[in-house]
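Trainee: For the protein sequence lines, the chains are E and R, in the order given. Each residue of the first sequence is one higher than the one before, counting from 1 in the numbering used here. Each residue of the second sequence is one higher than the one before, counting from 1001 in the numbering used here.
Don't take each hint at face value.
[Claimed, not checked] Below 30 Å or equal to it, Euclidean Cα-Cα: the simulated DSBU-like pairs (lysine-lysine) are:
(1) R/K1181 / R/K1199
(2) R/K1181 / E/K208
(3) E/K276 / R/K1105
(4) E/K201 / R/K1073
Think of the hints as simulated: they come from the structure by calculation, not from any bench.
Take a look at the letters that make up each chain.
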Amino acid sequence: MSRLNVSFCGVDFKNPVIPASGTFGYGREYEQFYPLSRLGGISVKGTTLHRREGNPGPRVAETPSGMLNSVGLQNGGVDKFINYELPNLVTKDTRIVANIAGSTVEECAELAARLNGTAVDLIELNISCPNVKQGGAAFGTDCAVAGQVTRAVKDVTEKPLMVKLSPNVTSITDIARSVEANGADAVSLINTLLGMRIDIKTRRPVLKNNVGGLSGPAVFPVAVRMVWQVANAVSIPVCGMGGISSWEDAVEMMMAGAQTVQVGAAIFADPYAPVKIIDGMEKFCEDNGIDNISEIVGTVKPW
Amino acid sequence: MYRQGKYPIIARRTLAKGIFDIEIYCPEIAAEAKAGQFVQAAAEGFFLRRPISICDINKQNGSIRLVFEVRGKGTDKLSELNNGSLIDIIAPLGNGFRVLEKGKKCVCIGGGIGTPPMLGIAKEYGENATVISGFRNMAAVILQEDLRACGAHTILCTDDGSAGRKGFVTDALTEILANEKPDIIYACGPMIMLKNITKMAADSGIFCQVSLEQRMACGVGACLVCVCRTVKDGEEFNSHVCKDGPVFDSREVVFE
Chain E
1 MSRLNVSFCG VDFKNPVIPA SGTFGYGREY EQFYPLSRLG GISVKGTTLH
51 RREGNPGPRV AETPSGMLNS VGLQNGGVDK FINYELPNLV TKDTRIVANI
101 AGSTVEECAE LAARLNGTAV DLIELNISCP NVKQGGAAFG TDCAVAGQVT
151 RAVKDVTEKP LMVKLSPNVT SITDIARSVE ANGADAVSLI NTLLGMRIDI
201 KTRRPVLKNN VGGLSGPAVF PVAVRMVWQV ANAVSIPVCG MGGISSWEDA
251 VEMMMAGAQT VQVGAAIFAD PYAPVKIIDG MEKFCEDNGI DNISEIVGTV
301 KPW
Chain R
1001 MYRQGKYPII ARRTLAKGIF DIEIYCPEIA AEAKAGQFVQ AAAEGFFLRR
1051 PISICDINKQ NGSIRLVFEV RGKGTDKLSE LNNGSLIDII APLGNGFRVL
1101 EKGKKCVCIG GGIGTPPMLG IAKEYGENAT VISGFRNMAA VILQEDLRAC
1151 GAHTILCTDD GSAGRKGFVT DALTEILANE KPDIIYACGP MIMLKNITKM
1201 AADSGIFCQV SLEQRMACGV GACLVCVCRT VKDGEEFNSH VCKDGPVFDS
1251 REVVFE
């Protein structure tokens, strides 16, 4: 599989395909379908300092070619992650991306510090969750605050730091530049787009949280555009995501400028989506005489 | 073990208006499936799969049976699948009903489209099962012959009295509990029905399992969208219907 081997922020990935945070738990469920060692890495469920119960249900609404969710970062907290999930994950021969989310700048820094000395390969700082009242997208939609929280985490972490950006902003390139200037080693984008559905019989929003994050193939073109813009605006590597459901989508995202890709909602439709994408990429390289998939990164030829 | 694949439909029937019955040949799934578990079925043209409870399992034939109601465009699409078509399912999912040892007696209660999973569990008990099922009216009644064929004693209730007795399933349960004490109660149906049955079971000191439903995405416990409120040791917390359920100990469900 050497054609797919990529180096991202100094971390060696056997392939550039990573299930996205919140869509894959900690891998336990999907291990029943295929060995996790097939994957480049796993971005784990968003982890907070303390256990979170998340939002009341319903938390999901189907949309044309996608879905809305309003889970609200339900998770067992960082201690459970370190003591229960991480010891299992380290045995799986795949890279571990720890997605962390704090409600304050200090909490983000504390979370990152707690992961020092653990087997985590990369930190993905979530400043873009649309479903929480504190932190989340409140950090990721303001250039100054995004920079401040990035700096606070960078100052304490010994791990490479990737910052996950929100698409719900006027200029995602400004946010990307701000986190780059404050020490981010990479950016990942896009988190979900804020959306809403209404049940016309009850006149109630389908989601109990009223609004939620849109994901799935519906957002793919928006994600490609944003990855392309950000890749051209910063010099740190980009991890591209948003609606990828086939190997062709993944290749397209890499041509837009992504060095690695995350696959999210597509897994709900097809649990095998990540491995099918990996196999498809491998064949794409063989068929096109590409020695390493990195050769295609950012090779789109704009008009 | 979870399996995903495209399996052939070997029988298809319409049981009532908007209620369809399909039998799927999937030996490896049928071999592992338990009554009360469910499948995630893909509907062509729709992004998310539809969770459908398993109605019956035929391990000898290597098939499972799904009885579902058309609730929207996705289930409408599923209803268009014919004998011979392939259906893309992930199964078997979730926890099934707890089956007590031979000789124990159960009461199974299905409200409307909550009735199908009661066939699978009633079969485990045969003559020791009493199945109470409730429907709006005669036109909506399903599965009574199948239930009787497995040996179960059936009590049919309709809201308007057009078939069986007029009244709610809980009325029938009250009468049963006045005369005997079953070893276990199983129930699936509207939340208000489950809430009332839970209270009646608790008052009579009978163990009760309820099967819940919720909008789902992954179906395997990863995405956490299918939340339900539960309680254990006095502490309330969010569980997930797909992995922690769909069958719950009724004492652990928080009814609003």
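Trainee: Taking the hints in turn, state whether each one holds.
Mentor: Outcome of the hint check:
1. Of the supplied pair hints, the one linking R/K1181 and R/K1199 holds, its CA atoms being roughly 15 Å apart against a limit of 30 Å.
2. Between R/K1181 and E/K208 the alpha-carbon distance is near 40 Å, which puts this suggested pair outside the 30 Å criterion.
3. Proposed proximity of E/K276 and R/K1105 is contradicted: the alpha carbons are some 48 Å apart, above 30 Å.
4. For the proposed pair E/K201 and R/K1073, the alpha carbon gap of about 15 Å is at most 30 Å, so the pair holds.
Of the numbered hints given earlier, the model fails hints 2 and 3; all others are met.
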